[in-house]
Amino acid sequence: MSQSQPWFYAWCDEAERLDGFAAALSALVNPVALLSLMMSHQQGCETRSVEEVLAMIRAHFGETNNAHLSSGVKLNGSECAIPFGLKCYTDESERLHPWGPLRLTAGSRKWDFYPYELAVSRGPRSVEAEAAAAYHVVQGDIEDLLLRLCAPDASGRVPTGACTDKEDWLAPVAMCATYNANAAELARDLALSWVSLHHKESVPRIAGMSLSALRARVDAAPHGARVPMNSTSELTGSLSRETVLKALATPPATLLEALEAAAVPDDAWREAEPKARELVELRRQLDDEDAGEVPPAFWVDVTTRGHTRFLEEHAPFHVRRLPSGGVVLATHPYRTLWPLWADALFVLGLMS
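Under this note's numbering, think of the first position of the sequence shown as 1, with each following residue one higher.
Be aware that one or more of the hints could be misleading.
[Unchecked claim] Simulated pairs of lysine to aspartate or glutamate, EDC-like, Cα-Cα distance not exceeding 20 Å:
| no. | residue 1 | residue 2 |
| --- | --- | --- |
| 1 | Lys166 | Asp141 |
| 2 | Lys87 | Glu46 |
| 3 | Lys87 | Glu16 |
| 4 | Lys87 | Glu143 |
| 5 | Lys200 | Asp144 |
| 6 | Lys275 | Glu117 |
| 7 | Lys74 | Glu143 |
| 8 | Lys87 | Asp168 |
| 9 | Lys87 | Asp19 |
| 10 | Lys166 | Glu94 |
| 11 | Lys87 | Glu52 |
| 12 | Lys74 | Asp141 |
| 13 | Lys74 | Asp144 |
| 14 | Lys74 | Asp153 |
| 15 | Lys87 | Asp13 |
Calculated directly from the structure, the hints in this document are not laboratory data.
Computed from a prediction, not measured in an experiment: that's the story for all the values here.
Using the sequences and the accompanying hints, generate a full structural model.
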(Lines of atoms letter the chains of each structure in order from A and count residues from 1; the text may use other names and numbers.)
(Lines give C-alpha, C1' and ligand atoms only; values in the text may rest on other atoms or scores of the structure.)
Protein backbone atom coordinates (compact mmCIF):
# COMPACT_ATOMS: atom_id res chain seq x y z
CA MET A 1 0.00 0.00 0.00
CA SER A 2 1.34 3.41 -0.93
CA GLN A 3 2.05 5.91 1.81
CA SER A 4 1.78 8.96 -0.46
CA GLN A 5 -0.94 11.13 -1.85
CA PRO A 6 -2.03 10.77 -5.49
CA TRP A 7 0.20 12.30 -8.17
CA PHE A 8 -1.27 13.67 -11.40
CA TYR A 9 0.70 14.26 -14.60
CA ALA A 10 0.00 15.99 -17.90
CA TRP A 11 2.01 16.44 -21.07
CA CYS A 12 1.83 19.72 -22.97
CA ASP A 13 4.01 21.26 -25.66
CA GLU A 14 6.32 23.87 -24.13
CA ALA A 15 4.93 26.63 -26.36
CA GLU A 16 1.54 26.16 -24.65
CA ARG A 17 2.72 24.99 -21.24
CA LEU A 18 2.25 28.22 -19.34
CA ASP A 19 -1.25 28.57 -20.77
CA GLY A 20 -1.94 25.02 -19.62
CA PHE A 21 -0.58 25.82 -16.17
CA ALA A 22 -2.71 28.97 -15.96
CA ALA A 23 -5.89 27.16 -16.98
CA ALA A 24 -5.27 24.32 -14.52
CA LEU A 25 -4.51 26.76 -11.70
CA SER A 26 -7.74 28.67 -12.29
CA ALA A 27 -9.70 25.39 -12.27
CA LEU A 28 -8.04 24.16 -9.08
CA VAL A 29 -7.51 27.03 -6.69
CA ASN A 30 -9.99 27.75 -3.93
CA PRO A 31 -10.81 31.48 -4.27
CA VAL A 32 -10.14 32.09 -0.57
CA ALA A 33 -6.79 30.27 -0.51
CA LEU A 34 -3.36 31.88 -0.35
CA LEU A 35 -1.08 31.15 -3.30
CA SER A 36 2.59 30.58 -2.56
CA LEU A 37 4.89 30.63 -5.60
CA MET A 38 8.57 29.73 -5.75
CA MET A 39 10.60 29.66 -8.93
CA SER A 40 13.65 27.41 -9.15
CA HIS A 41 15.95 30.44 -9.22
CA GLN A 42 14.49 31.77 -5.95
CA GLN A 43 12.01 34.36 -7.24
CA GLY A 44 8.69 33.99 -5.50
CA CYS A 45 5.66 35.59 -3.91
CA GLU A 46 2.70 34.96 -1.61
CA THR A 47 -0.59 36.44 -2.72
CA ARG A 48 -4.28 35.75 -3.23
CA SER A 49 -4.08 37.05 -6.80
CA VAL A 50 -3.87 34.45 -9.56
CA GLU A 51 -2.95 37.23 -12.00
CA GLU A 52 0.05 38.28 -9.88
CA VAL A 53 1.30 34.71 -9.71
CA LEU A 54 0.96 34.18 -13.46
CA ALA A 55 2.69 37.48 -14.22
CA MET A 56 5.72 36.46 -12.16
CA ILE A 57 5.85 33.01 -13.77
CA ARG A 58 5.68 34.44 -17.28
CA ALA A 59 8.46 36.88 -16.43
CA HIS A 60 10.90 34.25 -15.17
CA PHE A 61 9.94 30.85 -16.63
CA GLY A 62 12.60 29.43 -18.96
CA GLU A 63 15.81 27.38 -19.22
CA THR A 64 15.87 25.58 -15.83
CA ASN A 65 13.71 28.11 -13.98
CA ASN A 66 10.53 26.16 -13.20
CA ALA A 67 7.37 27.15 -11.35
CA HIS A 68 6.34 25.54 -8.03
CA LEU A 69 3.04 26.69 -6.61
CA SER A 70 1.25 25.68 -3.40
CA SER A 71 -2.33 26.58 -2.53
CA GLY A 72 -5.65 25.00 -1.56
CA VAL A 73 -8.33 23.19 -3.53
CA LYS A 74 -11.89 22.24 -2.66
CA LEU A 75 -12.71 18.73 -3.80
CA ASN A 76 -16.02 18.45 -5.62
CA GLY A 77 -16.81 14.90 -4.51
CA SER A 78 -15.92 14.79 -0.82
CA GLU A 79 -16.22 18.60 -0.50
CA CYS A 80 -13.02 18.64 1.57
CA ALA A 81 -10.56 21.52 1.32
CA ILE A 82 -6.97 20.27 1.08
CA PRO A 83 -3.60 21.67 -0.01
CA PHE A 84 -2.27 21.07 -3.50
CA GLY A 85 1.01 21.57 -5.28
CA LEU A 86 1.12 22.46 -8.97
CA LYS A 87 4.42 22.44 -10.83
CA CYS A 88 5.42 23.39 -14.36
CA TYR A 89 8.76 22.37 -15.84
CA THR A 90 10.66 23.61 -18.88
CA ASP A 91 11.84 21.26 -21.63
CA GLU A 92 15.44 21.82 -20.55
CA SER A 93 14.60 20.67 -17.03
CA GLU A 94 12.69 17.71 -18.44
CA ARG A 95 15.78 16.64 -20.39
CA LEU A 96 17.81 16.66 -17.16
CA HIS A 97 15.13 14.91 -15.08
CA PRO A 98 11.63 14.07 -16.34
CA TRP A 99 9.28 15.37 -13.65
CA GLY A 100 6.15 16.22 -15.56
CA PRO A 101 6.11 18.48 -17.44
CA LEU A 102 2.90 19.46 -15.58
CA ARG A 103 2.50 17.81 -12.17
CA LEU A 104 -0.13 18.06 -9.47
CA THR A 105 -0.14 16.59 -5.97
CA ALA A 106 -3.25 16.60 -3.79
CA GLY A 107 -2.76 16.78 -0.04
CA SER A 108 0.46 17.23 1.89
CA ARG A 109 0.25 13.67 3.27
CA LYS A 110 -1.61 10.46 2.47
CA TRP A 111 -4.51 10.97 4.89
CA ASP A 112 -5.32 14.42 3.51
CA PHE A 113 -6.84 12.66 0.53
CA TYR A 114 -7.62 9.04 1.41
CA PRO A 115 -10.01 8.32 4.30
CA TYR A 116 -8.31 6.52 7.18
CA GLU A 117 -11.55 5.82 9.00
CA LEU A 118 -15.25 5.58 8.23
CA ALA A 119 -18.41 5.61 10.32
CA VAL A 120 -20.34 2.34 10.52
CA SER A 121 -23.62 1.57 12.23
CA ARG A 122 -24.01 -0.95 15.02
CA GLY A 123 -24.18 -4.55 13.92
CA PRO A 124 -22.07 -6.98 11.88
CA ARG A 125 -19.16 -5.40 10.04
CA SER A 126 -18.05 -6.04 6.46
CA VAL A 127 -14.46 -5.25 5.53
CA GLU A 128 -15.41 -5.53 1.85
CA ALA A 129 -18.27 -3.00 2.17
CA GLU A 130 -16.07 -0.63 4.17
CA ALA A 131 -13.37 -0.79 1.49
CA ALA A 132 -15.95 -0.19 -1.23
CA ALA A 133 -17.30 2.81 0.69
CA ALA A 134 -13.75 4.20 0.96
CA TYR A 135 -13.47 3.80 -2.82
CA HIS A 136 -16.57 5.93 -3.34
CA VAL A 137 -15.18 8.66 -1.07
CA VAL A 138 -12.16 9.29 -3.30
CA GLN A 139 -12.90 7.97 -6.79
CA GLY A 140 -14.86 10.96 -8.05
CA ASP A 141 -12.13 13.29 -6.80
CA ILE A 142 -9.44 11.33 -8.66
CA GLU A 143 -11.20 11.82 -11.99
CA ASP A 144 -12.17 15.40 -11.19
CA LEU A 145 -8.61 16.48 -10.36
CA LEU A 146 -7.21 14.70 -13.41
CA LEU A 147 -9.62 16.61 -15.63
CA ARG A 148 -8.98 19.91 -13.86
CA LEU A 149 -5.30 19.44 -14.69
CA CYS A 150 -5.61 18.05 -18.22
CA ALA A 151 -8.86 19.51 -19.55
CA PRO A 152 -9.83 22.63 -17.58
CA ASP A 153 -11.11 24.20 -20.80
CA ALA A 154 -11.85 23.21 -24.39
CA SER A 155 -8.40 24.07 -25.76
CA GLY A 156 -7.18 20.48 -26.13
CA ARG A 157 -3.62 21.63 -25.48
CA VAL A 158 -2.98 18.63 -23.22
CA PRO A 159 -3.23 15.44 -25.33
CA THR A 160 -2.58 13.00 -22.50
CA GLY A 161 -2.18 12.72 -18.73
CA ALA A 162 -2.40 10.21 -15.91
CA CYS A 163 -2.64 9.58 -12.17
CA THR A 164 -0.89 7.18 -9.78
CA ASP A 165 -0.03 6.86 -6.12
CA LYS A 166 3.64 6.57 -7.11
CA GLU A 167 5.99 9.52 -7.49
CA ASP A 168 6.71 8.84 -11.17
CA TRP A 169 4.74 8.87 -14.40
CA LEU A 170 4.82 5.17 -15.18
CA ALA A 171 3.59 3.26 -18.22
CA PRO A 172 -0.11 4.10 -18.71
CA VAL A 173 -1.21 0.52 -18.03
CA ALA A 174 0.55 0.75 -14.65
CA MET A 175 -1.30 3.95 -13.66
CA CYS A 176 -4.65 4.14 -11.88
CA ALA A 177 -6.11 6.65 -14.35
CA THR A 178 -5.30 8.05 -17.78
CA TYR A 179 -6.69 10.89 -19.86
CA ASN A 180 -6.63 11.07 -23.64
CA ALA A 181 -7.96 14.16 -25.39
CA ASN A 182 -8.90 12.10 -28.44
CA ALA A 183 -10.71 8.79 -27.87
CA ALA A 184 -9.68 7.74 -31.39
CA GLU A 185 -6.10 7.56 -30.09
CA LEU A 186 -6.83 5.58 -26.94
CA ALA A 187 -4.53 2.78 -28.11
CA ARG A 188 -1.64 5.17 -27.53
CA ASP A 189 -1.85 4.08 -23.87
CA LEU A 190 -0.74 0.61 -24.97
CA ALA A 191 1.88 1.87 -27.42
CA LEU A 192 3.29 4.34 -24.90
CA SER A 193 3.42 1.57 -22.30
CA TRP A 194 5.22 -0.74 -24.71
CA VAL A 195 7.86 1.80 -25.71
CA SER A 196 8.45 2.85 -22.12
CA LEU A 197 8.79 -0.71 -20.79
CA HIS A 198 10.63 -2.27 -23.73
CA HIS A 199 13.10 0.55 -24.29
CA LYS A 200 13.32 1.61 -20.61
CA GLU A 201 12.32 5.16 -21.51
CA SER A 202 10.74 7.71 -19.19
CA VAL A 203 7.08 8.31 -20.01
CA PRO A 204 7.23 12.14 -19.64
CA ARG A 205 9.97 12.22 -22.28
CA ILE A 206 7.92 10.30 -24.87
CA ALA A 207 4.33 11.17 -23.90
CA GLY A 208 4.16 13.82 -26.61
CA MET A 209 5.12 11.49 -29.46
CA SER A 210 2.55 11.09 -32.20
CA LEU A 211 0.63 7.84 -32.42
CA SER A 212 2.29 7.04 -35.74
CA ALA A 213 5.75 7.54 -34.22
CA LEU A 214 4.87 5.27 -31.29
CA ARG A 215 3.55 2.65 -33.72
CA ALA A 216 6.83 2.77 -35.64
CA ARG A 217 8.80 2.23 -32.41
CA VAL A 218 6.70 -0.83 -31.58
CA ASP A 219 6.93 -2.20 -35.12
CA ALA A 220 10.72 -1.89 -35.06
CA ALA A 221 11.00 -4.27 -32.09
CA PRO A 222 11.90 -7.93 -32.78
CA HIS A 223 9.02 -10.27 -33.59
CA GLY A 224 7.78 -12.04 -30.48
CA ALA A 225 9.21 -9.41 -28.12
CA ARG A 226 7.30 -9.10 -24.84
CA VAL A 227 7.34 -6.84 -21.80
CA PRO A 228 6.39 -8.13 -18.33
CA MET A 229 3.29 -6.92 -16.51
CA ASN A 230 2.74 -6.86 -12.77
CA SER A 231 0.21 -9.66 -12.73
CA THR A 232 -0.15 -13.11 -11.17
CA SER A 233 -2.19 -14.42 -14.10
CA GLU A 234 -0.40 -16.44 -16.79
CA LEU A 235 -2.81 -15.00 -19.32
CA THR A 236 -2.01 -11.40 -18.45
CA GLY A 237 1.57 -11.76 -17.29
CA SER A 238 3.10 -9.97 -20.28
CA LEU A 239 2.30 -7.77 -23.26
CA SER A 240 3.59 -8.73 -26.70
CA ARG A 241 4.66 -6.56 -29.59
CA GLU A 242 2.09 -8.31 -31.77
CA THR A 243 -0.77 -7.56 -29.35
CA VAL A 244 0.08 -3.86 -29.35
CA LEU A 245 0.25 -3.72 -33.16
CA LYS A 246 -3.10 -5.53 -33.46
CA ALA A 247 -4.67 -3.13 -30.94
CA LEU A 248 -3.34 -0.17 -32.93
CA ALA A 249 -4.96 -1.64 -36.05
CA THR A 250 -8.31 -2.21 -34.31
CA PRO A 251 -11.04 0.40 -35.00
CA PRO A 252 -10.97 2.83 -32.04
CA ALA A 253 -14.73 2.45 -31.46
CA THR A 254 -14.34 -1.32 -31.17
CA LEU A 255 -11.49 -0.97 -28.70
CA LEU A 256 -13.42 1.54 -26.60
CA GLU A 257 -16.52 -0.66 -26.52
CA ALA A 258 -14.41 -3.64 -25.41
CA LEU A 259 -12.94 -1.59 -22.57
CA GLU A 260 -16.42 -0.51 -21.50
CA ALA A 261 -17.60 -4.12 -21.50
CA ALA A 262 -14.56 -5.18 -19.47
CA ALA A 263 -15.26 -2.50 -16.85
CA VAL A 264 -18.19 -4.42 -15.35
CA PRO A 265 -17.66 -4.86 -11.56
CA ASP A 266 -16.89 -8.41 -10.44
CA ASP A 267 -19.08 -10.55 -8.18
CA ALA A 268 -17.22 -9.67 -4.99
CA TRP A 269 -17.71 -5.97 -5.62
CA ARG A 270 -21.38 -6.33 -6.51
CA GLU A 271 -21.96 -8.25 -3.30
CA ALA A 272 -20.30 -5.50 -1.22
CA GLU A 273 -21.94 -2.58 -3.02
CA PRO A 274 -25.37 -2.38 -1.26
CA LYS A 275 -23.82 -2.19 2.20
CA ALA A 276 -21.18 0.22 0.90
CA ARG A 277 -23.91 2.57 -0.32
CA GLU A 278 -25.46 2.46 3.15
CA LEU A 279 -22.11 3.49 4.66
CA VAL A 280 -21.72 6.34 2.17
CA GLU A 281 -25.21 7.56 3.06
CA LEU A 282 -24.43 7.32 6.78
CA ARG A 283 -21.34 9.45 6.21
CA ARG A 284 -23.45 12.02 4.36
CA GLN A 285 -25.97 12.15 7.19
CA LEU A 286 -23.24 12.61 9.79
CA ASP A 287 -21.74 15.46 7.77
CA ASP A 288 -25.15 17.13 7.26
CA GLU A 289 -26.07 19.31 10.23
CA ASP A 290 -29.69 19.40 9.01
CA ALA A 291 -30.03 15.64 8.56
CA GLY A 292 -31.82 15.24 11.89
CA GLU A 293 -31.47 12.08 13.94
CA VAL A 294 -29.05 9.53 12.49
CA PRO A 295 -28.41 5.92 13.49
CA PRO A 296 -25.83 5.29 16.26
CA ALA A 297 -22.41 4.91 14.67
CA PHE A 298 -18.76 4.40 15.51
CA TRP A 299 -15.55 4.93 13.53
CA VAL A 300 -13.46 2.09 12.12
CA ASP A 301 -10.01 1.94 10.54
CA VAL A 302 -10.22 1.35 6.78
CA THR A 303 -6.46 1.17 6.20
CA THR A 304 -5.94 -2.44 7.29
CA ARG A 305 -4.39 -4.97 4.94
CA GLY A 306 -7.80 -6.56 4.46
CA HIS A 307 -9.31 -3.28 3.25
CA THR A 308 -6.44 -2.41 0.92
CA ARG A 309 -6.19 -5.94 -0.49
CA PHE A 310 -9.86 -5.86 -1.43
CA LEU A 311 -9.33 -2.60 -3.31
CA GLU A 312 -6.18 -3.91 -5.00
CA GLU A 313 -8.02 -6.98 -6.27
CA HIS A 314 -11.60 -5.81 -6.82
CA ALA A 315 -11.86 -2.02 -7.22
CA PRO A 316 -13.95 -1.46 -10.38
CA PHE A 317 -12.84 0.32 -13.52
CA HIS A 318 -14.52 3.35 -15.04
CA VAL A 319 -14.46 4.13 -18.76
CA ARG A 320 -15.70 7.69 -19.13
CA ARG A 321 -16.43 9.23 -22.52
CA LEU A 322 -16.08 13.01 -22.39
CA PRO A 323 -18.26 15.52 -24.31
CA SER A 324 -15.03 16.90 -25.80
CA GLY A 325 -14.34 13.60 -27.57
CA GLY A 326 -11.75 12.49 -25.04
CA VAL A 327 -11.83 9.55 -22.65
CA VAL A 328 -10.78 8.79 -19.09
CA LEU A 329 -9.91 5.31 -17.83
CA ALA A 330 -9.83 5.10 -14.04
CA THR A 331 -9.78 2.86 -10.99
CA HIS A 332 -8.74 3.26 -7.36
CA PRO A 333 -5.09 4.34 -6.86
CA TYR A 334 -4.31 1.03 -5.15
CA ARG A 335 -4.98 -0.76 -8.46
CA THR A 336 -3.64 -0.39 -12.02
CA LEU A 337 -5.39 -0.26 -15.39
CA TRP A 338 -3.63 -3.34 -16.75
CA PRO A 339 -6.38 -5.85 -15.75
CA LEU A 340 -8.92 -3.72 -17.64
CA TRP A 341 -6.76 -3.68 -20.75
CA ALA A 342 -5.94 -7.38 -20.48
CA ASP A 343 -9.61 -8.37 -20.28
CA ALA A 344 -10.56 -6.16 -23.23
CA LEU A 345 -7.68 -7.43 -25.38
CA PHE A 346 -8.51 -11.04 -24.53
CA VAL A 347 -12.20 -10.64 -25.47
CA LEU A 348 -11.15 -9.09 -28.79
CA GLY A 349 -8.81 -12.02 -29.45
CA LEU A 350 -5.73 -9.78 -29.51
CA MET A 351 -3.71 -11.33 -26.69
CA SER A 352 -0.78 -13.36 -27.94
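Hints and how they fare:
no. : hint            : result
1   : Lys166 - Asp141 : holds (17 Å)
2   : Lys87 - Glu46   : holds (16 Å)
3   : Lys87 - Glu16   : holds (15 Å)
4   : Lys87 - Glu143  : holds (19 Å)
5   : Lys200 - Asp144 : violated (30 Å)
6   : Lys275 - Glu117 : holds (16 Å)
7   : Lys74 - Glu143  : holds (14 Å)
8   : Lys87 - Asp168  : holds (14 Å)
9   : Lys87 - Asp19   : holds (13 Å)
10  : Lys166 - Glu94  : holds (18 Å)
11  : Lys87 - Glu52   : holds (16 Å)
12  : Lys74 - Asp141  : holds (10 Å)
13  : Lys74 - Asp144  : holds (11 Å)
14  : Lys74 - Asp153  : holds (18 Å)
15  : Lys87 - Asp13   : holds (15 Å)
In terms of the numbered hints stated before, the structure departs from hint 5 and from no other.
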